[in-house]
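Chemist: The primary structure of each chain is shown beneath.
Number of protein chains: 4
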Amino acid sequence: MVIVMDRQATEEQIAAVTEKVHALGRKVHRSDGEGSIVLGVVGEGANLEPSDFLVMDGVNDAIRISSPFKLASRTFQREDTIVDVDGVKIGGDEVIVMAGPCSVESEEQIFACAEAVAKAGGRILRGGAYKPRTSPYSFQGLGVEGLKLLRAAGDKYGLKVVTEVMAIEQIDEISEWADMFQVGARNMQNFNLLRALGEHKDHKPVLLKRGIAATIQEWLMSAEYILAGGTKGVVLCERGIRSYDNQTRNILDLSAVPVIKKLSHLPIVADPSHGTGIRQYVADLARASVAVGADGLMVEVHNNPDKALSDGAQSLYPEQFDTLMKRCRVIATVLGRNIAPGKDDAA
Amino acid sequence: MVIVMDRQATEEQIAAVTEKVHALGRKVHRSDGEGSIVLGVVGEGANLEPSDFLVMDGVNDAIRISSPFKLASRTFQREDTIVDVDGVKIGGDEVIVMAGPCSVESEEQIFACAEAVAKAGGRILRGGAYKPRTSPYSFQGLGVEGLKLLRAAGDKYGLKVVTEVMAIEQIDEISEWADMFQVGARNMQNFNLLRALGEHKDHKPVLLKRGIAATIQEWLMSAEYILAGGTKGVVLCERGIRSYDNQTRNILDLSAVPVIKKLSHLPIVADPSHGTGIRQYVADLARASVAVGADGLMVEVHNNPDKALSDGAQSLYPEQFDTLMKRCRVIATVLGRNIAPGKDDAA
Amino acid sequence: MVIVMDRQATEEQIAAVTEKVHALGRKVHRSDGEGSIVLGVVGEGANLEPSDFLVMDGVNDAIRISSPFKLASRTFQREDTIVDVDGVKIGGDEVIVMAGPCSVESEEQIFACAEAVAKAGGRILRGGAYKPRTSPYSFQGLGVEGLKLLRAAGDKYGLKVVTEVMAIEQIDEISEWADMFQVGARNMQNFNLLRALGEHKDHKPVLLKRGIAATIQEWLMSAEYILAGGTKGVVLCERGIRSYDNQTRNILDLSAVPVIKKLSHLPIVADPSHGTGIRQYVADLARASVAVGADGLMVEVHNNPDKALSDGAQSLYPEQFDTLMKRCRVIATVLGRNIAPGKDDAA
Amino acid sequence: MVIVMDRQATEEQIAAVTEKVHALGRKVHRSDGEGSIVLGVVGEGANLEPSDFLVMDGVNDAIRISSPFKLASRTFQREDTIVDVDGVKIGGDEVIVMAGPCSVESEEQIFACAEAVAKAGGRILRGGAYKPRTSPYSFQGLGVEGLKLLRAAGDKYGLKVVTEVMAIEQIDEISEWADMFQVGARNMQNFNLLRALGEHKDHKPVLLKRGIAATIQEWLMSAEYILAGGTKGVVLCERGIRSYDNQTRNILDLSAVPVIKKLSHLPIVADPSHGTGIRQYVADLARASVAVGADGLMVEVHNNPDKALSDGAQSLYPEQFDTLMKRCRVIATVLGRNIAPGKDDAA
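So the sequences go chain by chain: A, B, C and D. Residues in the first sequence are numbered from 36 upward in steps of one, following the numbering used here. Residues in the second sequence are numbered from 36 upward in steps of one, following the numbering used here. Residues in the third sequence are numbered from 36 upward in steps of one, following the numbering used here. Residues in the fourth sequence are numbered from 36 upward in steps of one, following the numbering used here.
Please keep in mind that the hints were generated in silico from the structure rather than gathered at the bench. Treat the numbers as computed from the prediction; the structure is a model and nothing was measured. Even for Gly, the Cβ is constructed at its ideal location relative to N, Cα and C. Take the hints with a grain of salt, since some may be wrong.
Residues from chain D that face chain C, not an exhaustive set, calculated with beta carbons under 10 Å [stated by the list, open to error]:
1. Ile49
2. Thr53
3. Ile100
4. Ser101
5. Lys105
6. Arg109
7. Met223
8. Asn225
9. Asn227
10. Arg314
Under the rule of at most 27 Å between Cα atoms (straight-line distance), these lysine-lysine pairs were calculated in the DSSO-like manner [stated by the list, open to error]:
11. Lys361/B to Lys361/C
12. Lys297/A to Lys55/D
13. Lys342/A to Lys62/B
14. Lys183/C to Lys378/C
15. Lys342/D to Lys105/C
16. Lys297/D to Lys267/D
17. Lys55/D to Lys342/C
18. Lys105/C to Lys239/C
19. Lys183/D to Lys236/D
20. Lys297/B to Lys361/C
21. Lys342/D to Lys55/C
22. Lys361/D to Lys342/A
23. Lys342/C to Lys183/D
24. Lys342/D to Lys55/B
25. Lys342/B to Lys55/A
26. Lys62/D to Lys342/C
27. Lys124/A to Lys236/A
28. Lys267/A to Lys105/A
29. Lys62/D to Lys62/B
30. Lys342/C to Lys297/B
31. Lys297/C to Lys361/B
32. Lys62/A to Lys62/C
33. Lys297/C to Lys267/C
34. Lys342/B to Lys105/A
35. Lys62/A to Lys342/B
36. Lys297/A to Lys297/C
37. Lys183/C to Lys342/B
38. Lys55/B to Lys342/A
39. Lys297/A to Lys342/D
40. Lys342/A to Lys105/B
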């Protein structure tokens, strides 16, 4: 931390700050000049809070210079983490596409979706069994029946399976049926849930969505909660942040992709379906996501979007998804990467 | 809902929309003119989703015209709800002040804080036993020991007690010791927690903080989750929203107070401590909160802020809190309201 | 400036940064520790740009520690500036109320408005002659005829006069008729206009509105442009910032008032009319503005809001304005300030 | 417009609203049902303001259903506008790249930049002669000398030329030397400037940057100001919007590209340099911009970024720009588009 004293700070004020730093087991390096006196705090020890110094007399500013996250930091681990979802590797050369409906609605529906996803080259099937709905009066998901259908559909079409966990009580059950947990944007700072996922005995990988107005640092701190529990496989998912305009449901922040790559070793995927909320724009932003360097996509695809029980308006038709995949495959090559071939892409 | 068709929409497209409305049990009133055709949807029934129509061909816009929340709505209940916290009434003529430290740290600390709060005219003691900390390496609270100390301190000084609940597993325990649950900003859309609080057998009142970037409608939808479970006592708490500037921790949105009063019958209080994050600004925004018409304040007060284990930088010294209370008392009278007298305010 | 090197930065990288600092006429103080090496830049000289160092190899962060504005800074001038608008003093004990219609529309209208403003205790009459309208098809103002009417109405009722300037070409003309220039939110960074106002021979005071998404630092930098030209009388006006919710037109950021008081010596007033955009909420936020410590208010009042050519929906009726003034007068006393009495407030 | 009455609105209140609509030359279609009464306003006429009805008794909501812009609207003109910049066509199959330094600094510098831009396949040279700087103490541009150098450099290397106009007084002069005007983000709502550009006798094309927190509708309204004056060639430029995070200077809103394509016939380009503010991220976002469907790019390139007088930290080295162009060329083909070949791309 660096503490900037006012240029009219008294020696007593400087001494008080210095004493507080010493009490916390650190040392102070003092530099006078440029219209202010700067106290550099040096030495190892517990985290210091800038705000604790900001309120002291004579202090103009207190600035943290080391990042508050450790396990998630690129400084801590230089090489990229590759997350293994039961054999499907996220963070390597292959751009992994996860797709499927918002909610599991019926056997017929989830099997039709899974077939479409597998046919176009998707690797992981998504689908909600427990749904976080803004309204208590909306469809809340099929629960464990949904989990079983999702698993069966994934198995039949050779896809891994990811689904959302909303509460600690659901962890054991979901771990039984799914290959990867998804933590939704609304639970990004549900710290009890994050800690329980990190410490769960199965240590299954977690897809951590960015909160609706989370800073990148807060997002990485949430990843830190999971990592601190022992689970190594955390994949970040950019899904759009809140803006002042209402032309799209959210603003997909694609600059988050290279920023995360700089600050962290964790893989990051993008979700253009929630990022825009409007079917017509999903493919455009999916291409942009691959072009910017995302390690994967999460896309909502439904065999019959007009009848979907949730998020129908942002779900792609299977044909649209297939076109999207073909185009993204070319874009991936520009970055020296690849996307798994579709079933009818001949050898 | 109102559906706006493109002026070049074909009769087939209009028919398709009309048919979909009929399939959902509603009727359509059609108005032609002003460069577009407007289809008004009439009749009672389940909620319609604008986005389901937005994606249909020929549709330019689909606009919800009735609010998605019911029990929380002023249309549903005209008269103000007054929430009873074991005898202390929030939402009436008295402006209720809740104050205390961020976290319960020790017996000595919480008793000293409680004494200061009671002396200045506060009615409810706040203090965290389970803390939502951004970093897994920060102090996480004393747990049940903290709850017991909070209760004892409140009882000794004649204060009611409010504390944060972070997980379903904590509800029974907190209900045993506290008079009111607090749901933090990070959990405003932790729907499982909200539902469990609403359905809990004790039906104790809930202080629901606004999420960091929650719209007022989303906030009221979260209140709806609690109300739908049977708990009637929901108090909203404006605690600052995220902005693009970093001069303060958040922006306290005081316009939320009259907006909530218009849309809902629920009481609303303001938290200038989290709203600014900086001690020096807390009293200014506390006065403004009372002036704008808030039903109460939540303020962080600590007997020794410089040694606080959390949020010290935004906690007031007891003397500052006392001055704040004296000034707010005068402002309250402008609105025909009152704040309980301090212990040394002679008869 | 403080430059934070990566803990794995090489000595060559540190030398390159040091050399660049020396080339700019400054010196470097180096502190090793806490997992990083900190280079403090000391000595006087031209402004350094953090971004110029951020891109150098081995640099993790570069942080400006002195404020980029000088003349507007509290460090530069400790005592409050009191702006003299032809005898009316803004920034002292009296809270100054500026009120009037959005636009000057006719002789009858502006005289009726001026009478209502004066009667209730307002000191400065506002009214637009040149209007910044989002649509080219909306009413654009009466121009110089409007200025003359505004002046005449102000003179008749003993009010000073403020009006918006939108272009350099209008400065001479407006200076002839008005006592104070207003720069609108949309022109807060129209630097050519700011410079021309600062350098204008009459050096009339300027009311500088905050841009719709301006940081407080950017706002003060815009004030700096005016001050740098020689005009000393700059009054800042908080008028609401953009948010993600649409319940109000903007969010009035009342924390800006104490923040400005800390960073700058310039007076600051608040505009609850644009801050909310809805008549029903204006009085609530006006009271809050006085309570938070604003040096004045700017309020839209119209003798017949339902017929107003612009902003009718946020304009107060004269009776509403009168009630607002009476209530704010009491609140001002809490802060040891006063508001001029209304005409029928007996001695 | 659609006006939603409260379900408890009286017939008198409904009559008052109806009368006001009639007074404005429109008719009302009434639909009763769904807990509210909806009044559809039909007929042609002047723009109605929702806020004028919102304040009437018994009115719950008033919603504009036709867009407030006309000439810029896709409804007004179905086919894409192709803007001709002295022979270079923006909005067709070719993705047009505009590049060059932030400011023109010297003959040597601008010729070196122009050479690099032309060599890599750029078509238009950018460079500021008049600079909008946040600080009055920063480099403000070379003025007319800069314009002449820019023109000469463009001519030598076969590039068209675009430069920023900040004030009405500069229009004639810039029109003499440049092929296209640029309006910066800070002047997006400087309506006097927009009107003057639209009405200028040369009717040269205008590149209109999006304001830092402008909605897409406000942006199109600003385009409308220019179009209303008779200038047909308006190109929109997405350059990043303000967000709450500070990891990048702005958030490049790439969803704006398909949204503009839907709402308007005007071409849109993206500026990843200002969109991120950090050199390291520019190429990533440039690729994403082409992938999402932008009609062009604006990129800052400098022959010696470390010595640049402004924006050096976000300017690319010529080699980086060349690599970016090669990669974008492949991505463009995915969309059936092309980018002009570089000089050393053999036949």
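Chemist: Run every hint past the structure and note whether it holds.
Modeler: Checked hints:
Annotation: interface hint on Ile49/D violated; nearest CB of chain C at approximately 17 Å, more than 10 Å. The closest approach between the C-beta of Thr53/D and any C-beta of chain C is roughly 15 Å, which is over the 10 Å cut-off, so the hint fails. Because the beta carbon of Ile100/D sits about 16 Å from the nearest beta carbon in chain C, more than 10 Å, this interface hint is broken. Taken as an interface hint, Ser101/D does not check out: its beta carbon lies about 13 Å from the nearest beta carbon of chain C, beyond 10 Å.
Annotation: Lys105/D was flagged as interfacial toward chain C, and the flag holds, the nearest CB pair being 8 Å apart, inside 10 Å. Taken as an interface hint, Arg109/D does not check out: its beta carbon lies about 18 Å from the nearest beta carbon of chain C, beyond 10 Å. Taking 10 Å as the C-beta contact cut-off toward chain C, the hint placing Met223/D at the interface holds, the least distance being around 8 Å. For the restraint placing Asn225/D at the interface with chain C, the shortest Cβ-Cβ distance is roughly 5 Å, inside the 10 Å limit, so the hint holds.
The closest approach between the C-beta of Asn227/D and any C-beta of chain C is roughly 4 Å, which is under the 10 Å cut-off, so the hint is satisfied. With its C-beta approaching chain C no nearer than about 6 Å, Arg314/D sits inside the 10 Å limit, and its interface hint holds. Our distance criterion of 27 Å between C-alpha atoms is met by Lys361/B and Lys361/C, whose separation comes to about 21 Å. Annotation: proposed proximity of Lys297/A to Lys55/D is violated, straight-line Cα distance about 59 Å (limit 27 Å).
Of the supplied pair hints, the one linking Lys342/A and Lys62/B holds, its CA atoms being roughly 19 Å apart against a limit of 27 Å. Proximity of Lys183/C to Lys378/C is assessed by CA-CA distance (about 25 Å); at most 27 Å being required, the pair is judged to hold. Between the alpha carbons of Lys342/D and Lys105/C the distance comes to roughly 26 Å, so the proposed pair stays at or under 27 Å and holds. Between Lys297/D and Lys267/D, the direct Cα distance comes to roughly 19 Å. Compliance with the 27 Å bound is thereby established for this hinted pair.
Restraint check for Lys55/D and Lys342/C: the C-alpha separation of about 10 Å stays at or below 27 Å, so the hint holds. For the hint pairing Lys105/C with Lys239/C, the CA-to-CA distance comes to about 21 Å; that is within 27 Å, so the pair holds. Our distance criterion of 27 Å between C-alpha atoms is met by Lys183/D and Lys236/D, whose separation comes to about 21 Å. For the proposed pair Lys297/B and Lys361/C, the alpha carbon gap of about 24 Å is at most 27 Å, so the pair holds.
Between the alpha carbons of Lys342/D and Lys55/C the distance comes to roughly 10 Å, so the proposed pair stays at or under 27 Å and holds. Restraint check: the Cα-Cα separation between Lys361/D and Lys342/A comes to about 44 Å, which exceeds 27 Å; the hinted pair is violated. Only pairs whose Cα atoms come within 27 Å are accepted, and Lys342/C paired with Lys183/D is rejected, the gap being roughly 52 Å. Between the alpha carbons of Lys342/D and Lys55/B the distance comes to roughly 63 Å, so the proposed pair goes past 27 Å and is violated.
A distance of roughly 10 Å separates the Cα atoms of Lys342/B and Lys55/A; the hinted pair therefore holds under the 27 Å criterion. Pair hint Lys62/D plus Lys342/C holds up; C-alpha atoms about 19 Å apart against a cutoff of 27 Å. This hinted pair checks out: Lys124/A and Lys236/A have alpha carbons roughly 21 Å apart, not beyond 27 Å. With a C-alpha separation of about 13 Å, the suggested pair Lys267/A and Lys105/A falls inside the 27 Å cut-off, and the hint holds.
Pair hint Lys62/D plus Lys62/B holds up; C-alpha atoms about 22 Å apart against a cutoff of 27 Å. Between Lys342/C and Lys297/B, the direct Cα distance comes to roughly 25 Å. Compliance with the 27 Å bound is thereby established for this hinted pair. Our distance criterion of 27 Å between C-alpha atoms is met by Lys297/C and Lys361/B, whose separation comes to about 24 Å. Restraint check for Lys62/A and Lys62/C: the C-alpha separation of about 22 Å stays at or below 27 Å, so the hint holds.
Taking the CA atoms of Lys297/C and Lys267/C, the gap is about 19 Å. The hint holds against a cut of 27 Å. For the hint linking Lys342/B to Lys105/A, the alpha-carbon distance of about 26 Å falls within 27 Å, and the restraint holds. For the hint linking Lys62/A to Lys342/B, the alpha-carbon distance of about 19 Å falls within 27 Å, and the restraint holds. A threshold of 27 Å between alpha carbons decides the hint, and for Lys297/A with Lys297/C the separation of about 36 Å lies outside it, so the pair is violated.
For the given pair, Lys183/C sits about 62 Å from Lys342/B by alpha-carbon distance, which is inconsistent with the 27 Å threshold. With a CA separation close to 10 Å, the supplied pair Lys55/B and Lys342/A stays within the 27 Å bound. At roughly 25 Å between alpha-carbon atoms, Lys297/A and Lys342/D fall within 27 Å of each other, so this suggested pair holds. Proximity of Lys342/A to Lys105/B is assessed by CA-CA distance (about 26 Å); at most 27 Å being required, the pair is judged to hold.
When the structure is compared with the earlier hints, violations turn up for hints 1, 2, 3, 4, 6, 12, 22, 23, 24, 36 and 37 and for no others.
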